[in-house]
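Chemist: Which chain is which? The protein sequence lines are B and H, in order. For the first sequence, this note's numbering assigns the number 1 to the initial residue and increments by one for each residue that follows. For the second sequence, this note's numbering assigns the number 1001 to the initial residue and increments by one for each residue that follows.
Heads up, some of the hints might be wrong.
Covered by chain H, per the in silico footprint, the following chain B stretches (three or more residues, Cβ under 8 angstroms) [unchecked claim]: (1) 40–53; (2) 115–125; (3) 191–201; (4) 239–247; (5) 293–304.
Note that these hints are calculated values from the structure, not bench results. Quick caveat, the model's predicted, so the values are computed rather than measured. In this text, a Cβ means the ideal position worked out from N, Cα and C, and glycines have one as well.
Take a look at the letters that make up each chain.
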Amino acid sequence: MTTKPVDTTRRPGISMEAAVQRRARLAEELRTAKMVRKLVTPEGAAIRLKLANASERAGALMIDIAIQWAIVIATLLGLSFISGALNPGSSNIAFAFWLVFFFFVRNFYYIFFEIGQRAATPGKRILGLRVASRDGGRLTANSVLARNFIRELEIGLPFQFILMGGDGFGAWMALLGLVWSGVFLLFPIFNKDKMRVGDLIAGTWVIKAPKAKLMDDITSAAARPQAASRYVFTQAQTEAYGIHELHVLEDVLRQSTQEIKRQVAARIRAKIGWAPIDGETDLSFLEAYYAALRRRLEQRMLLGERKADKFDVR
Amino acid sequence: MSDLLKSYRFREERQADWQKLDLILTKAENGGVQRLSDEQMLALPRLYRQAVSSLSVARSISLDQNVINYLESLCTRAYFFVYGARTTLGERMMAFLRKDWHEAVSQSVWTTLLAALFFFGGWVLAFFLCLQDMDWFWTFHGHNFFDGRNPDASVDYLRSTIYNDPNSNGEGELAAFSSFLFNNNAQIALFAFALGFAFGIPTAWLLVYNGVMIGSMYAVFWDKGLGFEFTGWLMIHGVTELFAIVLAGAAGFVIGGAVAFPGGRTRLASARAAGQRAATIAMGCVVMLVIAAILEGFGRQLINSDGVRYGIAAGTLVFWLVYFYVPRKAAAP
Chain B
1 MTTKPVDTTR RPGISMEAAV QRRARLAEEL RTAKMVRKLV TPEGAAIRLK
51 LANASERAGA LMIDIAIQWA IVIATLLGLS FISGALNPGS SNIAFAFWLV
101 FFFFVRNFYY IFFEIGQRAA TPGKRILGLR VASRDGGRLT ANSVLARNFI
151 RELEIGLPFQ FILMGGDGFG AWMALLGLVW SGVFLLFPIF NKDKMRVGDL
201 IAGTWVIKAP KAKLMDDITS AAARPQAASR YVFTQAQTEA YGIHELHVLE
251 DVLRQSTQEI KRQVAARIRA KIGWAPIDGE TDLSFLEAYY AALRRRLEQR
301 MLLGERKADK FDVR
Chain H
1001 MSDLLKSYRF REERQADWQK LDLILTKAEN GGVQRLSDEQ MLALPRLYRQ
1051 AVSSLSVARS ISLDQNVINY LESLCTRAYF FVYGARTTLG ERMMAFLRKD
1101 WHEAVSQSVW TTLLAALFFF GGWVLAFFLC LQDMDWFWTF HGHNFFDGRN
1151 PDASVDYLRS TIYNDPNSNG EGELAAFSSF LFNNNAQIAL FAFALGFAFG
1201 IPTAWLLVYN GVMIGSMYAV FWDKGLGFEF TGWLMIHGVT ELFAIVLAGA
1251 AGFVIGGAVA FPGGRTRLAS ARAAGQRAAT IAMGCVVMLV IAAILEGFGR
1301 QLINSDGVRY GIAAGTLVFW LVYFYVPRKA AAP
């Protein structure tokens, strides 16, 4: 039987504040789980794909539009400079060239990048997104063409209605058109797969594919002989927290400031009733406790018991 | 001396291979498959399978978030690489020209005819309306028509717009104008495709509108007895250009039809199947409009003989019809 360590100064059970926090956390987890799609590879392993949300998509689009404008304006300036230097009469030819170039930048910028190996425009790359086929198969060139030619409907059309403007009846028609075309622009917000109209037509979706870095295992530091022998936790002490707290502790150890580490260490010491030993630092204590907690939780996981968080008393 | 965690030992034993896979993927993503050595290409499938199995084991034995996130990301990247397309851009272009394009067009005969009906319907309507009463021209074009090619223009002026004066030095201007027209037409073509999603109704309107614009212009020249000459002027590149516009409309109708009437399939599956075909047609329209712009920019300015103009127009028409609609022998398996 496991015994739950009870802080004698407070009443047992879940406090109101903790219950609210926990419910909020579970709701958040549910929401992120809704954005995950399972892809079973031909090897039979499941890969979890996380869909990009609408704000990330919009951000990537903004970056791409900025890059497109930069290219177009730089080319215009460059061409006018060159044609001015060579022959004042050749500006028409230069303008003709630029117009065609403008068309291709406007329509083929996205296609050029998405047809490549990374299936992402520079904007998407910066935000760690990529285009993928919805059925898990390969992304065909036709899909890339289809999803990008549709942009004309989603961005070009609302823009045209804005430019239309006018007065009286014309303005009302333009407004009506803007609302109508806004349906296409805002389409990704209203479906669970966050698909644009172009994605729908092409059979694609946009997923998160960030590059993760493999960092050192925290327990490798705690396993050093001089550290391991000094900290000995009782079983009750390693039962105080669950997997959620372990992951929070991992984040604290990997990326937080000295001050936060100090506060977290103080809270854990109080919770498990730890008496500081000689030469103990916050960092070494946290690392050792992380290792002990993870060992205990992994053991229990192998036996089929996932202790989700500290309120999970199994 | 304490024993190490099982999950830590598991990771220690395999992380060298994970990192090897990571390196190969990074290299391939940055510089293409060609940069990989034979050794790396051979190692890739093994490393990939190992990473995938590591991931499923790690999910059940490890609580190290970093390891699981890393493996998830690694396996996702590797999956897309291993099962991704391996063709180069050149190969894709060849496949497009040799097979995809004409197949997509010849599978869409009915929507092409429908698009042609709307376009030429608008044309014929505007033509006859204008011939009966030239005021219609002003209704269609508005009074601020800067071009000068309107019912009030003289026959000589209209004739001068059809034939190019070899002594004039306006070539730069003409090049600018034809690239402006290309830009405009190609954008309209893509627009007609995209608007197809709204059940094809805006596409139909766009086709009729463009037909009306040309038909009313045609009436002006016809009225002044320049019908034959204007046809030559228009059709030397117009066969290709108008064909492209009609096909773009057809691509829009393919999508609109699939979204409105999915038949036995789900709306998503139907839209998807149609989208691939329609996008191929739309891409082809851009190619056709480039060719039309070249014919317009060079051919029309340099060739002033009606006979040669008609010859080229007929030649391009035969070429496109043969290319699109003559059935090919199935490639040997």
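Chemist: Can you confirm whether chain H covers the stretch 40–53 of chain B, using C-beta to C-beta distances below 8 angstroms and requiring at least three such residues?
Modeler: Holds, because 8 residues of the stretch 40–53 of chain B bring their Cβ atoms closer than 8 angstroms to Cβ atoms of chain H.
Chemist: Closer than 8 angstroms Cβ to Cβ for three or more residues is the test here. Does the stretch 293–304 of chain B pass it with chain H?
Modeler: holds (count 6)
Chemist: With a C-beta cutoff of 8 angstroms, work out whether three or more residues of the stretch 191–201 of chain B approach chain H closely enough for the coverage to hold.
Modeler: Answer holds; 3 residues pass the 8 angstroms Cβ test.
Chemist: Please count how many residues of the stretch 239–247 of chain B have a CB within 8 angstroms of a CB from chain H and say whether that reaches 3.
Modeler: holds (count 3)
Chemist: Within the stretch 115–125 of chain B, is the number of residues with a Cβ closer than 8 angstroms to a Cβ of chain H three or more?
Modeler: Check passed, 4 qualifying residues.
The structure shown violates none of the earlier numbered hints.
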